[in-house]
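J.: Chain by chain, the residues:
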Amino acid sequence: MRFTVRQSRLTRLVFVLSLAVFFALQMGCGPEAYQKPIQQFQDASTEVINTTREFLKNANTLEQNKVIDDLVFSKKPLSLPELDNTEIISQKEIKIRIDALDALAQYTSNLAQLAQGKTGSAVGDSTKKLSDSLKTLADDAGKLPATKATFLNNANFSGAAAAAANAIGAVAQLIVERKARRELEQSIVSNDVAVKALIKQISIDATGSYERQKSQLGAYGDQLFKDYDDERTKNPDPILLLGFARIIKSYRTQESQLSGANPAPAIDKMEKAHEALVYYVKSDKSPKTFAELVTAVQDFVSAAKPLGQAVQTLISAY
Amino acid sequence: MTLIEVVTMIGDDLTQIDTRLQTPGLSEADWQTLYALRKHLDDEQRDLVGESIIEGDAAYEALTTQLNTASTQLENDIGDLTKVASVIATVSQIASYVDQILKIVPV
Numbered sequence: 001m002r003f004t005v006r007q008s009r010l011t012r013l014v015f016v017l018s019l020a021v022f023f024a025l026q027m028g029c030g031p032e033a034y035q036k037p038i039q040q041f042q043d044a045s046t047e048v049i050n051t052t053r054e055f056l057k058n059a060n061t062l063e064q065n066k067v068i069d070d071l072v073f074s075k076k077p078l079s080l081p082e083l084d085n086t087e088i089i090s091q092k093e094i095k096i097r098i099d100a101l102d103a104l105a106q107y108t109s110n111l112a113q114l115a116q117g118k119t120g121s122a123v124g125d126s127t128k129k130l131s132d133s134l135k136t137l138a139d140d141a142g143k144l145p146a147t148k149a150t151f152l153n154n155a156n157f158s159g160a161a162a163a164a165a166n167a168i169g170a171v172a173q174l175i176v177e178r179k180a181r182r183e184l185e186q187s188i189v190s191n192d193v194a195v196k197a198l199i200k201q202i203s204i205d206a207t208g209s210y211e212r213q214k215s216q217l218g219a220y221g222d223q224l225f226k227d228y229d230d231e232r233t234k235n236p237d238p239i240l241l242l243g244f245a246r247i248i249k250s251y252r253t254q255e256s257q258l259s260g261a262n263p264a265p266a267i268d269k270m271e272k273a274h275e276a277l278v279y280y281v282k283s284d285k286s287p288k289t290f291a292e293l294v295t296a297v298q299d300f301v302s303a304a305k306p307l308g309q310a311v312q313t314l315i316s317a318y
Numbered sequence: 001m002t003l004i005e006v007v008t009m010i011g012d013d014l015t016q017i018d019t020r021l022q023t024p025g026l027s028e029a030d031w032q033t034l035y036a037l038r039k040h041l042d043d044e045q046r047d048l049v050g051e052s053i054i055e056g057d058a059a060y061e062a063l064t065t066q067l068n069t070a071s072t073q074l075e076n077d078i079g080d081l082t083k084v085a086s087v088i089a090t091v092s093q094i095a096s097y098v099d100q101i102l103k104i105v106p107v
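Order-wise, the sequence lines are chains A and B. If you read the first sequence in the working numbering, its first letter stands for residue 1, the second for the next number, and so on. If you read the second sequence in the working numbering, its first letter stands for residue 1, the second for the next number, and so on.
None of these hints come from the bench; they were simulated from the model. The reader is advised that the hints may include incorrect statements.
From the derived model, a few chain B residues whose C-beta atoms are all more than 12 Å from chain A [claimed, not checked]:
#	residue
1	Leu74
2	Gly79
3	Gln93
Partner residues aside, some chain B positions facing chain A, computed with beta carbon under 10 Å [what the hints assert, rightly or not]:
#	residue
4	Ile4
5	Thr19
6	Gln45
7	Asp80
Coverage of chain A stretches by chain B, computed from C-beta distances (three or more under 8 Å per stretch; other residues unrestricted) [said to hold, decoys possible]:
#	stretch
8	159-171
9	197-209
10	215-221
11	225-231
Note that beta-carbon positions come from the ideal geometry of N, C-alpha and C, so glycine has one too.
Work the whole structure out from these sequences, hints included.
T.: Shown next as structure tokens:
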């Protein structure tokens with residue numbers, strides 16, 4: 001009998017403790033806890049956007065440096081205005097991609113607000129503007145001439161941006177019309193394929209840029225090695241050799257920083273964080289799904305954090 | 001294999017070639033031959049990165065498999081100075097596969 005009473009008390013104690021743990025965990029993913037990963041996502045997005053802009057610009061710097069080397073080696077006159085026109089990625093192509101990345105980051109932030117139950121007209125209007133903005137970017141990309149000078153596929157980008165604009169527009173419409181939560185969540189999930197495809201396309205463009213810059217830099221290193229080797233096997237001028245040493249050191253710094261400055265892996269992590277948020281939006285908002293979201297955001301933050309320093313070191317190595 | 005994966009694979013091949021070209025030991029003739037092939041492969045990579053390819057295409061898939069095998073061969077031989085002729089032949093083969101991939105790009 002005494003044993004049964006004790007067992008009953010123990011059962012109640014376990015039940016009360018379980019409830020306490022449950023509510024503590026629920027509080028752990030309440031609005032305040034939720035703000036931190038969202039703020040981290042926004043900060044990491046800003047870092048990735050800024051780095052991507054500088055990284056894409058660097059492709060032009062490398063190209064212009066190559067032209068300078070070729071002109072100097074062939075003892076031809078240097079024309080600085082002509083050099084400025086040497087672009088393998090136009091300013092317009094860079095801006096379109098950066099603005100799209102910015103719109104995608106803002107869309108993810110809007111989804112975060114929806115997940116907190118904020119379905120007011122401000123979120124709806126903001127999401128509608130993002131859709132319109134992406135539509136304009138898609139049109140602009142579609143109008144860019146297909147030239148041999150660029151290695152970017154503007155037609156692919158335009159198609160992906162137009163699809164994402166339609167997808168986000170469909171979600172915005174439901175928010176503005178204040179549709180039922182379940183219907184809105186279903187729309188966010190079903191439209192997300194197009195949103196992720198655009199993030200992927202920007203990552204592909206960044207990877208393409210990285211591979212081209214790596215190859216340009218490698219060719220420069222080959223020529224540098226050859227020139228140095230030719231000089232040292234003649235009757236070398238020590239001053240000239242010291243000049244080579246300075247250039248080789250700069251080359252090695254650029255080579256070591258280029259990979260670290262490549263934003264593509266961080267953009268892939270941004271896509272994963274976005275995906276985790278979409279999953280969280282439609283989930284039961286349990287501590288488990290919240291923890292998965294936090295992990296995905298942390299991975300994104302870790303990938304984004306070193307980019308700024310790496311790209312600055314890369315640029316300053318010239 | 002996606003197109004960007006092919007571009008990255010070519011990039012890895014170029015890095016292998018650069019390491020060889022930037023290490024003493026090659027004769028002048030071999031250096032010049034390898035450098036010329038490197039330049040050709042570089043041009044092909046630049047053309048390929050801006051293209052669209054139907055990735056499920058059987059001919060494309062077969063070529064990427066052959067490219068992958070040749071890239072592995074290059075990685076195995078590139079550090080061995082007794083295999084320079086083989087390395088040059090492999091890089092030519094890689095360039096040929098990439099050329100064939102470029103030819104199946106839809107217009």
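J.: Each of the hints needs a verdict: does it hold here or not?
T.: Structure-based check of each hint:
1. Leu74: Per Cβ check, Leu74 of chain B is outside 12 Å of chain A; nearest 15 Å; holds.
2. Gly79: Since the minimum Cβ distance to chain A is about 16 Å, Gly79 of chain B lies beyond 12 Å and the statement holds.
3. Gln93: Given a closest Cβ separation of 19 Å, the condition holds.
4. Ile4: 5 Å, holds
5. Thr19: Cβ of Thr19 of chain B sits 9 Å from chain A, so the hint holds.
6. Gln45: Holds - the Cβ of Gln45 of chain B comes within 10 Å of chain A, reaching about 6 Å at its closest.
7. Asp80: 19 Å, violated
8. 159-171: violated (count 0)
9. 197-209: holds (count 3)
10. 215-221: holds (count 4)
11. 225-231: holds (count 3)
The structure fails to meet hints 7 and 8 from the earlier list, while all remaining hints are met.
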